[in-house]
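A.B. asks: Residue strings, one per chain:
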Amino acid sequence: KNQVEQSPQSLIILEGKNCTLQCNYTVSPFSNLRWYKQDTGRGPVSLTIMTFSENTKSNGRYTATLDADTKQSSLHITASQLSDSASYICVVTAYGQNFVFGPGTRLSVLP
Amino acid sequence: EPEVTQTPSHQVTQMGQEVILRCVPISNHLYFYWYRQILGQKVEFLVSFYNNEISEKSEIFDDQFSVERPDGSNFTLKIRSTKLEDSAMYFCASILRTSSYNEQFFGPGTRLTVL
Numbered sequence: 094k095n096q097v098e099q100s101p102q103s104l105i106i107l108e109g110k111n112c113t114l115q116c117n118y119t120v121s122p123f124s125n126l127r128w129y130k131q132d133t134g135r136g137p138v139s140l141t142i143m144t145f146s147e148n149t150k151s152n153g154r155y156t157a158t159l160d161a162d163t164k165q166s167s168l169h170i171t172a173s174q175l176s177d178s179a180s181y182i183c184v185v186t187a188y189g190q191n192f193v194f195g196p197g198t199r200l201s202v203l204p
Numbered sequence: 004e005p006e007v008t009q010t011p012s013h014q015v016t017q018m019g020q021e022v023i024l025r026c027v028p029i030s031n032h033l034y035f036y037w038y039r040q041i042l043g044q045k046v047e048f049l050v051s052f053y054n055n056e057i058s059e060k061s062e063i064f065d066d067q068f069s070v071e072r073p074d075g076s077n078f079t080l081k082i083r084s085t086k087l088e089d090s091a092m093y094f095c096a097s098i099l100r101t102s103s104y105n106e107q108f109f110g111p112g113t114r115l116t117v118l
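Note that the protein sequences, when read in sequence, are chains R and Y. All residue numbers for the first sequence refer to this note's numbering, where the first residue is 94 and numbers rise by one. All residue numbers for the second sequence refer to this note's numbering, where the first residue is 4 and numbers rise by one.
No lab work stands behind these hints: they were computed from the structure. No false leads were mixed into what you were given.
Below 27 Å or equal to it, Euclidean Cα-Cα: the simulated DSS-like pairs (lysine-lysine) are:
hint : chain 1 : residue 1 : chain 2 : residue 2
1    : Y       : Lys60     : Y       : Lys81
2    : Y       : Lys81     : Y       : Lys45
3    : R       : Lys94     : R       : Lys164
4    : Y       : Lys45     : Y       : Lys86
5    : Y       : Lys60     : Y       : Lys45
6    : Y       : Lys60     : R       : Lys94
7    : R       : Lys164    : R       : Lys150
8    : R       : Lys94     : Y       : Lys45
9    : R       : Lys164    : Y       : Lys45
10   : R       : Lys150    : Y       : Lys45
11   : R       : Lys150    : R       : Lys110
12   : Y       : Lys60     : Y       : Lys86
Given the sequences, and given the hints that come with them, work out the whole structure.
C.D. replies: Given below as structure tokens:
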């Protein structure tokens, strides 16, 4: 069964600190993996998209990595800001299939 | 920058009533999705729509649900007889197909509250 798991479930960090969120998946055959940021009560917004051949992609202070062999991805946030407080969702797509959503990691950045 | 819009932002209804949630996808997109997110839970796929017909639907998308694109721009989700457990955020997504992947753009969502 295609599944996406994320850890930790929630995370609290101080402003200015770095953090790393994890995503493990069993989706097959793998097509691409995306990270979304979802502010409370809003729709998800795409941060990065990676295909099989890409193992890292950056978007400002966000850097995603992908290890297709171990089926793991991480999202690293550098120099966190209060506005980074949100849920971060890992979404994996298999060829010819729909998107499989992870449960998200709830990040809280405190001043 | 083009964006997906959804109306209303919040809908409150009595159990058993019909609701219609509306979405205006990005104009040159051809693939549309509806998702549901119950408070505190993950986003769940409901249905995908292409070329004026359903291409795939989940187990959640039972006979109480229907979708249509009545006028070539709006994309609607109808719940015929709402239940308490239908209370959730409903997101529309508009898909741009590229050669490498499907870029998916989400609307801001409609919060449905069934009393």
